[in-house]
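Top to bottom, those sequences are chains A and B. Number 327 marks the last residue of the first sequence (my numbering); no jumps. Number 659 marks the last residue of the second sequence (my numbering); no jumps.
Be aware that one or more of the hints could be misleading.
[Said to hold, decoys possible] Only pairs whose alpha carbons sit at most 27 Å apart, straight line, appear in this in silico DSS-like list of lysine-lysine: (1) B:Lys580 with B:Lys538; (2) B:Lys538 with A:Lys200; (3) B:Lys474 with A:Lys292; (4) B:Lys601 with A:Lys199; (5) A:Lys310 with B:Lys600; (6) A:Lys35 with A:Lys241; (7) B:Lys635 with B:Lys580; (8) A:Lys266 with B:Lys537; (9) B:Lys600 with A:Lys200; (10) B:Lys656 with B:Lys635; (11) B:Lys538 with A:Lys266; (12) A:Lys35 with B:Lys601; (13) B:Lys355 with A:Lys241; (14) A:Lys266 with B:Lys580; (15) A:Lys199 with B:Lys600; (16) B:Lys656 with A:Lys310.
[Said to hold, decoys possible] Listing some non-contacts, in silico: residues in chain A with all C-beta distances to chain B over 10 Å: (17) Asn29; (18) Pro34; (19) Glu111; (20) Leu120; (21) Lys123; (22) Ser125; (23) Val188; (24) Gln264; (25) Ile322.
[Said to hold, decoys possible] Listed next, the stretches of chain B that the computed footprint assigns to chain A, with coverage defined by at least 3 CB atoms under 8 Å from CB atoms of chain A: (26) 488 to 494; (27) 520 to 527; (28) 546 to 552; (29) 586 to 594; (30) 607 to 616.
These are calculated hints, taken from the structure and not from any lab test. From the three backbone atoms N, C-alpha and C, an ideal C-beta is built for every residue, glycine too.
For reference, the chains in residue letters:
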Amino acid sequence: MQNSLLEIRDLKTYFFTEAGVVKAVDGANVDVRPKETVGLVGESGSGKTVTALSALRIIPRPGRIVTGSIKFDGEDVLAKSEEEMRQLRGPKMAMVFQDPSSSLNPLYTVERQLSDILMLHRKLSKKEASQRAEYLLELVGIQDPRTRLKAYPHELSGGMKQRIAIARALSCEPSLLFADEPTTNLDVTVQAQVLELMKKLQHDLGMSMVMITHDMGIIADMAERVTIMYAGRAMEAADTKTIFHEPKHPYTEALLAAVPRVDQRKILEVIPGNIPNLIEPPPGCVFNPRCKYAKQVCIDAAPPLEEVGKNHWAACHRWKEIRLRGV
Amino acid sequence: MMPQPLLEVRSLYKHFDVIERGIVRRKKVGIVHAVDGISFDIQHGETVALVGESGCGKTTAAKAILYLEDPTSGEVSFDGVNVFETFKSGDKATRLKLRRSMQMVFQNPYASLDPRMTIYDIVSEAFLVHKHVPKEKWKDRVYEVLKMVNLEEYHAERYPHEFSGGQRQRISIARALAVEPAFIVCDEPVSSLDVSIRAQILNLLSELQKKHGISYLYISHDLSSVRQISHRVAVMYLGQIVEHANTDDLFGKRLHPYTQALVSAVPIPDVEKKTMRILLSGEVPSPINPPQACRFHPRCKYTKDICKTVEPKLEEYESGHFAACHFAKDFL
Numbered sequence: 001m002q003n004s005l006l007e008i009r010d011l012k013t014y015f016f017t018e019a020g021v022v023k024a025v026d027g028a029n030v031d032v033r034p035k036e037t038v039g040l041v042g043e044s045g046s047g048k049t050v051t052a053l054s055a056l057r058i059i060p061r062p063g064r065i066v067t068g069s070i071k072f073d074g075e076d077v078l079a080k081s082e083e084e085m086r087q088l089r090g091p092k093m094a095m096v097f098q099d100p101s102s103s104l105n106p107l108y109t110v111e112r113q114l115s116d117i118l119m120l121h122r123k124l125s126k127k128e129a130s131q132r133a134e135y136l137l138e139l140v141g142i143q144d145p146r147t148r149l150k151a152y153p154h155e156l157s158g159g160m161k162q163r164i165a166i167a168r169a170l171s172c173e174p175s176l177l178f179a180d181e182p183t184t185n186l187d188v189t190v191q192a193q194v195l196e197l198m199k200k201l202q203h204d205l206g207m208s209m210v211m212i213t214h215d216m217g218i219i220a221d222m223a224e225r226v227t228i229m230y231a232g233r234a235m236e237a238a239d240t241k242t243i244f245h246e247p248k249h250p251y252t253e254a255l256l257a258a259v260p261r262v263d264q265r266k267i268l269e270v271i272p273g274n275i276p277n278l279i280e281p282p283p284g285c286v287f288n289p290r291c292k293y294a295k296q297v298c299i300d301a302a303p304p305l306e307e308v309g310k311n312h313w314a315a316c317h318r319w320k321e322i323r324l325r326g327v
Numbered sequence: 328m329m330p331q332p333l334l335e336v337r338s339l340y341k342h343f344d345v346i347e348r349g350i351v352r353r354k355k356v357g358i359v360h361a362v363d364g365i366s367f368d369i370q371h372g373e374t375v376a377l378v379g380e381s382g383c384g385k386t387t388a389a390k391a392i393l394y395l396e397d398p399t400s401g402e403v404s405f406d407g408v409n410v411f412e413t414f415k416s417g418d419k420a421t422r423l424k425l426r427r428s429m430q431m432v433f434q435n436p437y438a439s440l441d442p443r444m445t446i447y448d449i450v451s452e453a454f455l456v457h458k459h460v461p462k463e464k465w466k467d468r469v470y471e472v473l474k475m476v477n478l479e480e481y482h483a484e485r486y487p488h489e490f491s492g493g494q495r496q497r498i499s500i501a502r503a504l505a506v507e508p509a510f511i512v513c514d515e516p517v518s519s520l521d522v523s524i525r526a527q528i529l530n531l532l533s534e535l536q537k538k539h540g541i542s543y544l545y546i547s548h549d550l551s552s553v554r555q556i557s558h559r560v561a562v563m564y565l566g567q568i569v570e571h572a573n574t575d576d577l578f579g580k581r582l583h584p585y586t587q588a589l590v591s592a593v594p595i596p597d598v599e600k601k602t603m604r605i606l607l608s609g610e611v612p613s614p615i616n617p618p619q620a621c622r623f624h625p626r627c628k629y630t631k632d633i634c635k636t637v638e639p640k641l642e643e644y645e646s647g648h649f650a651a652c653h654f655a656k657d658f659l
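This is chain B alone, in the form it adopts within the complex (with noise of 0.2 Å):
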């Protein structure tokens, strides 16, 4: 039996309409599919991974969990909390309260940071909005929270501009903890940091959810560090999830095509691994009109008549390791 999860989404949807701005009147022309129906769920100090290429719909789904955008349809529920029912209808205390539990790390530490402000403000913004820290000890707890992501005492008076990325992103991270969550979003912390500064901030966190039980949603295009960082993965594509595993197992064994050419293409730094890339033909096709059934199917070489009719369901195969294909057993 498994333990009662931190988080489960279940068939979460996000569309955005298209709207064609006229001269007198608006006219609604199409349907962005961002997040077509997902559903997943996160453990207790468990790290899931979402992998995708740019406009799968990675970010908007944890954007809608975290009802930063508001979901079409779909349900969140957050240890027992409905998620969205709290943020569309609680008072203010159980929505703050809620909020204190789920943080984000945004992708790029040059703009997620006010840089009119001061480290300490930066910090402490969320003791002033959630009031959990009386103000005397304000400065303690924020000399905490930078100690434990490696930043000193003295960075605390300083402004963001004075810090590398590397350090930024343990700011945003520092902020983060400020309200002791039990989940945070990362989404793409490290893409835009160097690879030699990368390699602290994974350790960094697979450090504080050892020391602190922290669950994470690591939202990454890199599925070197996803490899690295995660527990399980999901892999999307054009706002679905098509397959779903422990890390080992997906990477060990991918059942969808698409994971397939997608592992495949990333370059493997070893000069005696050459691997067979699998080289899809054409780009990602718009989310707008995405294909219809199997919507992989236009660009997969084990295209049959049945992929064009009928729209494959994410199944299980093996325990815990879930595809949407219909041809899933034959990869087995």
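Excised from the complex, chain A in its bound form (with noise of 0.2 Å):
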């Protein structure tokens, strides 16, 4: 087993809200070795981006971190302290967001917000930092940098501010980036521009990408091992070519079975019901009231992450008996 740069073990993170506590995270398990691309897949609510905030220690309020371990490079990041966090966050990991309208400040320059976090964080004077953001704006292929450091967001179109936004995570060249549905508000030419632009980017600095998607072709085009997450738990890992042909759980199963694809028209097997409630999940399996092979062991007990395969994991009481299709 080679050593993980990110291991996330039994995370749980709750939202202690008015009306009940949310249980957005409620057993993740992740691991990104260094250099590769993990998918985080999961439906709206099923907690992978809290999993990524988690991991940054940037939950918002009333959100906590209750149990579990997060480590990064062998070093326990909750037993940071804040301004050591400040060094991590940037340098080391970095995290794109899913709408780049939003997390752009649209009072400042692109020149300023790039060159802000590289004065804090590389101590570089205002003029070598300018440069270095102008060289970063090159690297995620904006023309005409010199000008663009000059415009303000609103000034940008979606996929010119997307292509900021990964520039400034890129800016302290950090060793992980998670990249939060970094596509989902693109068109899908641009989307195919910024996908590509990723690759590229990861290839050339060597570094680890968590991506989160809800999107089964961008797993398979992107990531070399996935992580399915339903309803805040850790569904399946497993490497990608194995989740696509051989899924052990029957969430992978069903949602594998009800994507439609562009290239063929195919029947569309419907997953019956709705994603849980968060604050008060079905008992046993969260995904039992919407399985086809639910039986009343999944209803007693939650199933435990177990191991069954090569580097291949799920959580599934049935997993023995029952005989998934892939792709």
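Could you use the hints to bring the two separately framed chains together as a complex?
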């Protein structure tokens, strides 16, 4: 087993709201090795974003990490002081958010937003930072970077803003990048540009990436390994090929059967019901109300994440008995 | 001989003026060419998809067809009736009759349902307007349409906020079905829904079509769902249709370089199938000053001189397969 750069074990992050305790993440396990891309797949409310926020310790209130361990480069992230975390965020771990219009500050120019980070972490002078910012824009494929540096976010298109958000995340050359649905708000042709760019940058800079998405197509294209999340829990984790060909969790199977694809017409299999309420998740396995293989045992107890094959984990009581179809 | 289509759209234009507001007067500084001369037909019981990226004019086109936007010019006939004439100068009864047969389901089910109305009120509001159901039958009829979209009777007394996104989209569909329309415009009906819910709605739409022979104009940027649900596809770029064919023909053989790039950009959920992505440079230009001649030429890798000077016409290259490209023959 290779050493992990990021190792998340049994993470539980709850939000203590007036309506009750929202178990946004309720047992997540993620491993990221150096230079690899791990896909974190799930629908809304599956806890994929909160898992990433937990690793960076930037969970908004009233959220809190309840239990679990997060290790980055062998060090315990949860034991660090706020000052030490600040040294970690940016130079070591960085994040690209889903909506570039709200993650960039509308009051500052692109130059200011990029060079502030460089002056803080890299102790560059204003002039050096500005030059470096220009180089970063070039790196993410923005034409005429000198002019663009002077622009405010509202003067730029969605694709361009996302490129700048990526440039900002990469400014201190982190060893791990969280990309939270970086292309969901973009048109497909622009999405293709941004994905190719991220692949190239990851390769050139030799960093690890956690790709958070609900799109199995992006996973097939980008990720080497995948963790499938549902209602705050890790359901299955394996390398991408195994997930697609030999899923061992009914949710993974159902998800693959429910997504339409552009290269063929197929019969879409419906997953009945809705995504569960996270204040009162269903007892036992969280997927049991929608699972066609569910038995009494699935309602009685939550299944642990078990090793079902080489580097392949699944949280299902019945994985040995049932035969699932992949793609 | 083709049967008489249900809907015929001919040279539809919708332009918006760009107004600059000065202190004293307003000045027209430009024109947004949102929809720039599109034509297509929809047969009875058929789904035609209008696809394209944001800003290509697909939603504006749909709104103009339903006369929710006043079109700049063009003609739409529905079941032999001239739509724009009817809405502009017809009497109330004929207008209502036409409105009843053409409905719309909107993209965002969180914004398209009135939060202060119960589901019963939302669905039965159509009966109030169209008076096609006697009052004593309202309840039965509401239950009937809810059943058609797989919702239960007790849901009728609830409010929109009590439902999930997928259920809300079912309610929007139920509301459209309440007037027994022959034609529904679905504007990105699944794009705001979770992947596990999308299949539910797509299958529901197909099922309703099979049972009741409803025709759809399906507007979407998501080519995977388009491939799944539509019989024919029209690809739009900057207000114009650049390619138009049967779904399988279009995905099988793309005659326009824009369609080629668009389809190749969609990630396929299959590890064995790596698509050769055709990366386009830059982004969609502004529809205020669209490029001259072929609108795609600044981003096209096959551009020759003719593309910059002569506008390509939408021509038929194979039976039912139309493309607007000077070099479409080369891709046959």
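Exercise. Which of the numbered hints above does this structure break?
Worked result: Violated: hints 1, 2, 13, 16, 23, 24.
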